[in-house]
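Visitor: Could you put the whole structure together from the sequences, leaning on the hints where they help?
Residue strings, one per chain:
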Amino acid sequence: MSALLSLQNISKRFPGVHALDDIDMELRQHEVLGLIGQNGSGKSTLMKIIGGLHQPSAGEMRLRGSPVRFGSPLEATRAGIGLVHQEQSLIGNLTVAENLFVDKPTDFSRFGFYRRSRMNDAARIQLDKVELDVAPDTLVDQLTFAQRQMVELAKVLSLEELVEGHLVVLFDEPTSVLTPTEIQALFRQVRRLKMRSSVVFISHRMDEVLAISDRVYVLSDGRNVAERLKDETDPDELYELMVGRQRAGSVLPRSNPPDRNAPKRLAVRDLTVPGKVEDVTFDVASGEIVGLIGVQGSGAEAVCRAIFGVEDSHSGHIEYEGRPVRVSRPSGAVGLGIGYVPAERKAEATMKGMSVCQNMTVTFGSDYGYGGVLLSKRRERREAANWVERLKIKTPSLDHRIDQLSGGNQQKVVLSKWLLGRSLRLLVLDHPTRGLDPGARADLFNAIRQLAEDGLSIVFVGDTLDEMVTLSDTILVLRDGRLSQRFDDVQTKRPSEEDIVRAMV
Amino acid sequence: AQEKPKTIYLAVGTTSSEYWQEVIWGAQQVANSVGAKLEVYESGFDGQKHMQQLGAILAAGCEGCAFAWFPDSTAFTKAFVERAEAGGAFMTTMWNRPEEIHPWDTASDAWIANISFDGVDSGYQNGMALCKAIGGKGGIAVLKGTPDNPPSKQREIGLLKAVSECPGMTILDTQIGNWGQTEGQNITRTWIARYGDQLKGVFAQNDGMALGAVAALREKGLAGKVPVTGSDGSSDVLKLIKSGDMLSSMRISSQLHGAVAAALAYAVASGDLKIGDLAQAQRDFYLVQTLATKDNVDAMLSAQPNPADFSYDALKKNFWVRSKGQIPVGVN
Amino acid sequence: MTPALARMFPSIRSAGDLLRACGPAIVLVLVCAAVICIAPGILKWRAINALLFDAAPLLILVIGSTLPVLLGCIDLSAAAMASFSAVVVTLLVPEFGSAAVPLVLLGAAGIGAAQGWLIGRLQIPSFVMTLGTLGLFSGLALYLSNASSVALGAGVAPLDFLGGRTHGVPNAFLAVVAVWIFLSLLLRFTRLGRDIYAFGASELAAYMSGVRRGLIRSCAFAISSVCAALGGMMLLSQTLYSAPTMASNLLLPALVGVVAGGTAISGGVGGLSASLIGGLTAVMVRVGATIAGLPGAAQDVAFGIIILVAVAVTTDRTKIGIVK
Amino acid sequence: MTQAQLHAHDTSAMASPRRGEAGTQRRSGHIGLGVLKSAGPIVSLLAMVLVFASLTPNFVSAANLQAILESAAVPAVVAIGMTFVLVQGSIDLSGEGVASLANILLSILIANSVTAHDLGAGAIVVALAAGLAVGALNGTLYAYLRMPSLIVTLAMWLITLGLAALLFPSRQPQILDGGFVGLALHKHLGLSALVYLAVALAFVAFIVERRTKLGRIGFAIGADEALVRLAGVNVNVYKVGAFAICGCLTGLAGILTAAQIGVGNPLAGEGLLFPGIAACVIGGTLLSGGRGGVLHSLVGVLVLVTLRNGLVQTGANPLLQKAIEGVVIVVAVAASTWHLRRKTRVVK
Ligand SMILES: Nc1ncnc2c1ncn2[C@@H]1O[C@H](COP(=O)(O)OP(=O)(O)OP(=O)(O)O)[C@@H](O)[C@H]1O
Ligand SMILES: Nc1ncnc2c1ncn2[C@@H]1O[C@H](COP(=O)(O)OP(=O)(O)OP(=O)(O)O)[C@@H](O)[C@H]1O
Ligand SMILES: [Mg+2]
Ligand SMILES: [Mg+2]
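Residue numbers (my numbering), protein chains in the order written: chain Y, 2 to 506; chain H, 25 to 356; chain W, 25 to 348; chain R, 182 to 529.
These aren't lab readings, by the way, just hints derived from the structure by calculation. Don't take each hint at face value.
[Claimed, not checked] Pairs of lysine to any residue, SDA-like flavour, derived with a Cα cap of 25 Å:
#1 Lys394(R) with Leu163(Y)
#2 Lys347(Y) with Gln297(Y)
#3 Lys266(H) with Thr296(R)
#4 Lys378(Y) with Thr214(W)
#5 Lys185(H) with Leu500(R)
#6 Lys394(R) with Ser118(Y)
#7 Lys524(R) with Arg327(Y)
#8 Lys378(Y) with Arg236(W)
Guide: As structure tokens, this is what we get:
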């Protein structure tokens, strides 16, 4: 196999950050190359350089042997390079078909006017590839999150028809929001795609990477630290290469099981969110970690949002520390000591353009000031710095803009926003590990565990069964908006994954 | 003798109108005849802007300067003249002054005179012309200028006087057209729809709105059938009067307005005239105006202003020769 | 840069940043220099003094309008509020004497707060809300004054103060400086200030972080209204007559001032000092054009071009991802 | 795979502003309701017509409806142009200046009473080209120099107004070209050519908005410009395009005003801007971009024109008309977007 794409001595500097440092990489024909690395190690940056979004500060990129330099994504697309972004990048108020072809030279218009039927026909062919059954003229806004992810995939696959020759397809964490069946569909496509293209596949899940890749590259701190053939490695080795420490025992066991008679922190009775959740009842004791789980659309997220007061309407009773409360807005929840980490980090949790410190102190910064009104920047910075260290947030400084951090590090900043609160007594986490690398996930879990042992109650919706079982004291399974089963004392009596899955579907 | 001013400062509402262009022309003739420069300041009817401009001129030092100034609304008049006084300059004002202050009782060392046209007379004469044109009977509609403007109010008072003398003529409706052509047109359209044949005439407080009203009437083939009156006597309107599409307009000599305002300011600033010597009737007066109708419009159209008539020396013989007399008490 | 300085101005990391941060000030200095070249007489204290006196109403409006802009909103009703409150003060003075001024300022605060609150409750864009109240205030001002200028009664202490001078400095300008310092401290050192910037950077994320956006918006619009009313008082103290449209034309210059200082209309970036500089620039450009003796129409053209150049130089495009 | 991955999130509930709305559309289920909801502005219009009709019978007469349509023609042309800019999330304040400039250019270049030029239809072309050029310049400064459109167009407003004043030949030029003035005078079925022109333009604009890349990408830019850039689209070209369209149509509005009044006026654009923007917004075109469209804006124009007409028809106190207009704008927009209210909705 000869190299289709080769990178030599690629470096990328951002103001204050050395994101990539002398990277060499070779992508051969008909291969899937797995790319792993901790948050902020430069994976996305590398993909963006190949995809024409960034220009390297130094180094050379060769495609089919000849040096190339892409000034824009369009140029990369023309050269047959397609990129599925880490954050979704479809345009909500265009149709599926328009999105598929927006970045490609097509002949679907005449004198500037679209020929819709042609475009829709072409789109249907692409949608069939990913087995997505939606009309091509549906607005993307009306699709579910996962459907949109499949459209992203179809968008890249449509390069097949439009560009001659071998393709380069880059997937930046495509699976973190997909269901197992969708992941299987994706993998089938990737395998089919191999016939005429080369693929780079990024994921934080070692097993996925090994399942699909032929070779794996490991990045660390913007440097290429290892290269392994699929058959010569295993998840544990990869984990160690990437995180720099052993996987075993990475999440500490609970040192003392939660007190059964601990006072109730939260009591939810007959919670109903119209169209999403019906009659859900559960308790959260102080220091308890309650995991909510269910298949897509089961309503776990709505439960979280209702507790935090951002669902537009809900009924039922919520008791907090023995008193009935009506939380109708986040500020009310915060006043009670409730925090919430939303799933949609980009839109709901990070203030673009503001610094790491500003993002961390927005909620509880005034606790470190005088009388809740005057601020003390010195004291709150010290506290913020403290959490940057504890969560190992990779940022050049407290004053770095949050949108210039890697996805995983942004998530950690969001978490520390809540952890800064001394009055915080209940933390609701909605997919908190989405986008975190395994090491960071372990750090986070340890932090959560530690907080719970100190008396913080946690409600969380997780990404995988594995993490539910690792972390929760109690698991609540939701099905179609109703509570279908509950598993107590998870840490002592581990339920089997089959049991949980059975309750979910 | 005092030093002669090198510059005459003239403030106008806008340079984008025929009326103000003629004012500027008149003042320019005066300036030319004494070899001074005319500086024109435009506010777009924003009093604040004139305040800043006056402030800037005075700030650079302007003792004994000659200002012919247009206060955009009566609210600013006092501030203008007091500033001129504080800066040691001399000022004549055009059109707007509050009813209760006069050049002799406010900033009297700086405020030379206030020169205006008789709005009540304009409203009255136009109203009477309208009365005659509709045979003394029927409903008319009134297009007002910006609501807080003195000429607008005066013209309305004049009209009401005419209505009281012409009992058959009734006012169907009064709307604010803000002096604008398009607004005049839109409102008149609505009136035509609302009143139909009942609408016998349109009283527009200025020529701009009158043009709009005529345009709306023309759309319905009613131009010339429903008489329209205006005020200012601009050239388009004179043509419309000639063609019969409009009834009348109060023709004011805007060239004279600018010229007299500039000449008086220059006269005092150069020492040719002493403020103390002036009588009240010389410090607060109307200039003559003529109602333009079909009968006299030809003469007006053919008359070309002669620059010589507006030279400083010509005016200096008697600044008040075209005065219509002192502005009555309680009017502005 | 020393660490302390770096902490105070965290966004400044390089010489380029510094230059950009100082851009508006540099533009102001250049404009002033140009004006001085045209008319050296302007350097006299009396002249500067008079300019500051004239500029005060506009400057206070610029300062007030900055707060909604920091939220990413806009307050189109500020100038109308200035006229409206001037009219109401003159109407109330016969009844309440000097107390009319604080009464009106209080009323303005209430109306502004209500405006901000309604934007959130009805979820309509601030542009629409304030366009509506712009109509409402100017209509009410016309109606209440019966469309005429009203003379201000004598002996209204707060207005006499605003119209006067202390040690030769116009009190109106001192008031501007006082408001500027007060609000700057508020923005920098209080929770309200932090929340305003957070709201401007991302309303949704701020809301989800527990920022009380209804409250914040009410505060910002209340401050904007009070500043507008204060501007109306300053104008009134200069003219001693109120008219229902006396300040209406300040709307656009005030916006120009805000933006020329480098505050982004998209919110979250900028501040009061920037606005003050921007406001002064707008004033000086006008003064310069006047003194240079450009004809009126050409003044507008020159003013427009200078705004373009000033904003082109001063907009910090690195902070605003997308310029709208 | 050893891990069963189970995803407990209900994505339709993810409440980013865009997605929240899409979510409810799906939940509400019936198409009928959806149509009714987006028809909020039309409902306000009908409600207003009913109120005025019950107050004065004259209101619904053919003559008055004609008057309303005639008055709506020019604002409609402005609003159509403005829509292209607003859906991108930018704003164009230069309208009054551009219309004035086009108006004065036309009236001094066509057969007129003041200057000796007579370019005939050429005058229209020159005036339109001036509008187009200013619009394109607005767009270029905004897109390529990355200056806020609000400030670029504000400056251009002053500049064009100044140019119009400089071009003013000291007397209002009366337009002598009978054919041109006839545009406003000759009626077909009771309506002038201007009304038909506005309707035709609306139709063309609608097609452009729905069927061309310019229109579609415009919407996308309004919704999320960063994403459109990410997709490799040359966003700046579309921005300049939108501003050029807006400038050209605003210029056309200035030209049409000249046809209506028959004289050139360097302040002809006065009063076009804020009502134009208000009309778009009342019709449901969001200032933040990405929503609404030409038809929405037309409804908005009709709401405003009807309101003004109705207030005159019912004899409301002229001093209070502005105040009433202000309140109605707020109420109309609030009512027609009431169903969109969400806790997590962001409206700036
Ligand atoms: N536009 C930017 N400006 C400045 N710094 C940036 C920018 N984009 C990325 N960085 C920095 O570059 C480094 C690499 O980021 P990158 O997004 O490539 O990481 P990643 O490996 O994709 O991480 P994750 O697994 O969290 O997605 C990070 O330290 C980040 O802060
Ligand atoms: N059930 C609901 N459905 C739709 N929209 C709602 C609902 N409840 C509230 N809203 C809207 O969401 C906005 C958010 O209101 P909320 O009371 O949560 O906080 P706020 O007013 O923004 O902040 P503050 O705490 O300062 O009052 C409200 O102003 C209202 O317009
Ligand atoms: Mg990444
Ligand atoms: Mg509230």
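Visitor: Could you run down the list of hints and mark each one as holding or not?
Guide: Structure-based check of each hint:
no., hint, result
1, Lys394(R) with Leu163(Y), "19 Å, holds"
2, Lys347(Y) with Gln297(Y), "20 Å, holds"
3, Lys266(H) with Thr296(R), "21 Å, holds"
4, Lys378(Y) with Thr214(W), "10 Å, holds"
5, Lys185(H) with Leu500(R), "22 Å, holds"
6, Lys394(R) with Ser118(Y), "15 Å, holds"
7, Lys524(R) with Arg327(Y), "15 Å, holds"
8, Lys378(Y) with Arg236(W), "21 Å, holds"
Checked against the numbered hints listed earlier, the structure breaks none of them; every hint is satisfied.
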